[in-house]
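Work out the full structure, taking the sequences as your base and the hints as a guide.
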Amino acid sequence: MSLLHLAIVSPLLLAVIIPIFSKSIRQIHTGWFVLPLPVVLFSYFLSFISTTSHQGTVYESFEWIPSLGINFAAKIDGLGLLFALLISGIGSLVVLYSIYYLEKDKEQLGSFYVYLLMFMGAMFGVVLSDNLIVMYGFWELTSISSFLLIGYWYHREKSRYGAQKSMLITVFGGLAMLGGIILLYIMTGSFSISEIITQSDRVLEHTLLIPALICFLLGAFTKSAQFPFHIWLPDAMEAPTPVSAYLHSATMVKAGIYLVARMSPVFAESPVWLWLVGGFGIVTLFWGSFSAVKQTDLKSILAFSTVSQLGLIMSLLGVGAAALHYDGIDDNVFTVATTAAVFHLINHATFKGSLFMVVGIVDHETGTRDIRKLGGLMHLMPITFTLAIIGAFSMAGLPPFNGFLSKEMFFTGMVKILQMDLFSLSTWGLLFPVLAWIASVFTFIYSMKLVFRTFTGKYKPEGLKKKPHEAPLGMLISPVVLGSLVIIFGLFPNILSHNLISPAMASILPSLLSPGDMFDVHIYFWHGPTPELFMTIGVVILGILLYLTLPKWERAYHLLPEKLTLNKVYDKGLESIQTGSFKLTRFYMNGYIRTYLVYIFAFFILILGYTLYKKDAFVIDTAHVSSIGFYELVLSVLIVVSTITILFAKSRLTSIILLGAVGYTVALFFVVFRAPDLALTQLVIETVSVALFLLCFYHLPKLKKEESKIPFKLTNALISIGVGAIVTAIALSANSTKLFESISQFYVDNTYIRAAGKNMVNVILVDFRGFDTLFEICVLAIAALGIFAMIKLRLTRGKEG
Amino acid sequence: MRTNDLILQTVTKVILFIILLFSIHLFFAGHYYPGGGFIGGLMTAGALVLLLLAFDMKTVANILPVNYRIMTAIGLLFSIGTGAGSLLFNVPFLTHAFTDVYLPLLGKTSLHTAVLFDIGVYLVVIGVTMTIIQTIGEDE
Amino acid sequence: MEIVMAFVVGIIFMAATYLMLSKSLLRIIIGTGLLSHGTHLLVLTMGGLKNGAAPLLGEHAPSYNDPLPQALILTAIVIAFGVTSFFLVLAYRAYQELGTDNMDRLRGTKINE
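Residue numbers (my numbering), protein chains in the order written: chain R, 1 to 801; chain B, 802 to 941; chain W, 942 to 1054.
It is worth saying that the hints were derived from the structure and are not from the lab. Everything numeric in this text was worked out from a predicted model, so none of it was measured. Among the hints, a few may not be true.
[As the list claims (entries may be wrong)] Pairwise CB distance ranges (calculated):
(1) Leu878/B / Lys709/R: 47 to 57 Å
(2) Tyr599/R / Leu817/B: 44 to 54 Å
(3) Val1024/W / Leu809/B: 29 to 39 Å
(4) Leu809/B / Lys650/R: 21 to 31 Å
(5) Leu785/R / Gln810/B: 29 to 39 Å
(6) Arg1034/W / Gln810/B: 25 to 35 Å
(7) Val1024/W / Thr622/R: 29 to 39 Å
(8) Leu612/R / Gln810/B: 51 to 61 Å
Note that beta-carbon positions come from the ideal geometry of N, C-alpha and C, so glycine has one too.
Laid out in structure tokens, this is it:
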């Protein structure tokens, strides 16, 4: 356990004690106790920059399940560090923001911060684990904490719906990823990512490559809300806004991006990878931005915009994989796509984070997020308005903000596709820049809509629940910090390029680097009159035109029938799965205990009978059989007669007495078979049992004649005879076969020497196998308590019972 | 449950103590001869059941005001405590120890921690049986 | 003797199964009780019968009966008692509350949901 491991699990540890703080110290907002942790972690991770910027890595491991090759291996490299900084950095800002967003008197802060810390720890685990199984564990934990956070206001039905949806989709992807992990293990024999990367040649030639690749991509696409799995993200917006800003724009949804980037060294050389990652990314980009325009809820706009931006990054990672097919890095122009992906990842976190917080402020101060009710807030909330402008313009790709730079690089990467001459990109590749450009136009439109519909136009106070005013200072700190980063990264992008982007690229495309080498990343503000520049100008002009004419063509969105939307498909699918499985279960679980008993006995007969037959185990060997004495024969006849008579007994009393007779005969059997302890126990137990039966006697129903049809009786009789026959066969065979020496001799030899006792049975009970006895008396105590509870505690159900 | 059987009651008064003594004998004899916690406990419980049958619930509850559920719990504690005690001596759970000591009057006596464990079993068995019988009997 | 016992055990099992498959609760309880008796005898028989003296070292016999099955059975007897009484009470409480002991009418789930 190193300091690095401690840093990863520290949020989880804090999550354990946070409820105590929130319960005992009510005057202070619980968030203040949480805030120091991400800040400390952020500075801790900052200290690693000097290592990773020289292509160094930090690797710490401790054994967890070494026999399965599962170790808690933590590794910091460029990519992991970039994400760790995002998680801790945005995490600090979000916690600070949440302190003002969630009121301490109204909300269950304890659970909120427990979930949030759980998520934070899980996220660190995902991005810093080198072991795939450990990463998978943390991966699912992020899904679970996301589920809990979306359902935080669990009394709202929409929250529960959204939480369930996100859980189902992301966990489905997670399980697919687990399948991929296992396939990779089959191919390479290792769970360690670093080790698998060294064997990537072998993976690429393996027949299981495509299934494994698809499994991993399913994990990544569901998590990162790629088309068609994006449907969970808009519904996840039911979460409190700090959560949306943190999980559903800056960090968790980027886990899929992380996974793609992390697995790129393994899979990226496969053409399927390029097509799937790039293709799904670009489609998502288009579909997300297209859908965002029609939304009227501010958070929905941001949700679809997040979907589309994630698609953008995804497509860049896919296209960036093409660089692997060209040698050398000096003249390799295709790496620009990967650079753009990493750069945009950072930019998106800054501008989208600030936009979410702005929307949260608007929601908090006006009581609504409906864009139709809002307007003219510019004068009331000037700072918020400024922040919105910065964020939205950066999102739209306007200078001088950082979004402009990464958007330009994105265009560059897409245009470069046309120069590639592999995987039939030269023909179909044209789709990439075209879709990218159209999507950018839509991005521009919804960005403008987001700002100007909210802050300009007519002020409509009558539709608002509260009287709006500027947010408190504390709430503004976090978006201001993010907004300034948007500008700083826009003006001085190269502070990132050396420290963060280049090391992260080294993790994504390690095969392009010779040892000691590194990517030389330079981001230029102005790169001459290139096609990209003209594309941007085109986007702006067409975007402004379309935004102004939006009311005229907005109706086009309603052309797509409601029934065909993915959400409807999801809902219908879920419903039919539920009814289907209900029907299937109902088919064999019909509620009759008898049916279940028939299943049990039938399986008993089939399995044991088959085993006896298959293993040729049925033998009768009379060599060791003991003699038949007179008393034993009498007892046997007695027990058989009483047993058979029970079957035909007409009254309760007869049955109980006959059962007692069987019990006493068993006790006598124990006497003749020289088991004195058993005989004594059986005698007393039988006495007590009969007393018990008699006590219950008055309460028990009278025996009625079994009025049942012949087939019913016949099945019962058949099954009973089968069970009897099988048991007889087993008893006979068990006596006749000796597979190994009995362990009983040990007890005979050691009873006096080791346990100083002479009664072997009792010594076995209390000493050699004391654990059994301990559990046995526990079972007895539980049975007694159960009986006590059944009789004494009666639920009052009114008169109907 | 109300019975008024003179013969049963008289016989019970005599026999009860014999059974109880016999059950205690069975319990202590358990390590060497047939007997032990289970049998001893059941025998004691059997004696008490006889008492219940001969007299009624209330009378017995007055004579023996024992909460059998607590008895069960104490028995469980005894057994688990004996088991856990061995952990203090850095040996596995439920390791027993024994020694021979010379007591005045009794002479050489062997002391065994297994007896403590068995006391637990004894108490649990009595407690459980009596809880079951008593709750059912009280239920009208 | 073991062969005779094997058939005795088989018959007890058969009767127990038949009782457990019937419709009346009381029969089912008696069936379970019978089943445990059968099991005890089965375990004892499997260990071999009459191999020597009772498993008490005080007997100073050259050979003893197998003590292990006896220890197992002793545990099983007591457990069977606990379970049977639990079941008995469950049955009569169910009868009290629901007014029937017919298994066809005691169903765990509603069919028309």
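Do the hints match the structure? See the list:
1. Separated by about 55 Å at the C-beta atoms, Leu878/B and Lys709/R satisfy the suggested range of 47 to 57 Å.
2. A C-beta distance of roughly 49 Å is found between Tyr599/R and Leu817/B, which places it inside the suggested range of 44 to 54 Å.
3. Under the hint 29 to 39 Å, the C-beta atoms of Val1024/W and Leu809/B, about 30 Å apart, fit the expected range.
4. Take Leu809/B and Lys650/R: their Cβ atoms lie about 29 Å apart, and the range 21 to 31 Å holds.
5. Evaluation of the 29 to 39 Å hint for Leu785/R and Gln810/B yields a pass: the beta carbon distance comes to about 32 Å.
6. Checked against the hint of 25 to 35 Å, the pair Arg1034/W and Gln810/B passes, with Cβ atoms roughly 31 Å apart.
7. Judged by the Cβ atoms, the range 29 to 39 Å given for Val1024/W and Thr622/R holds: they are separated by roughly 36 Å.
8. Range check, Leu612/R to Gln810/B: about 56 Å between beta-carbon atoms, so the 51 to 61 Å window is met.
Consistency with the previously given hints is maintained throughout, with no hint failing.
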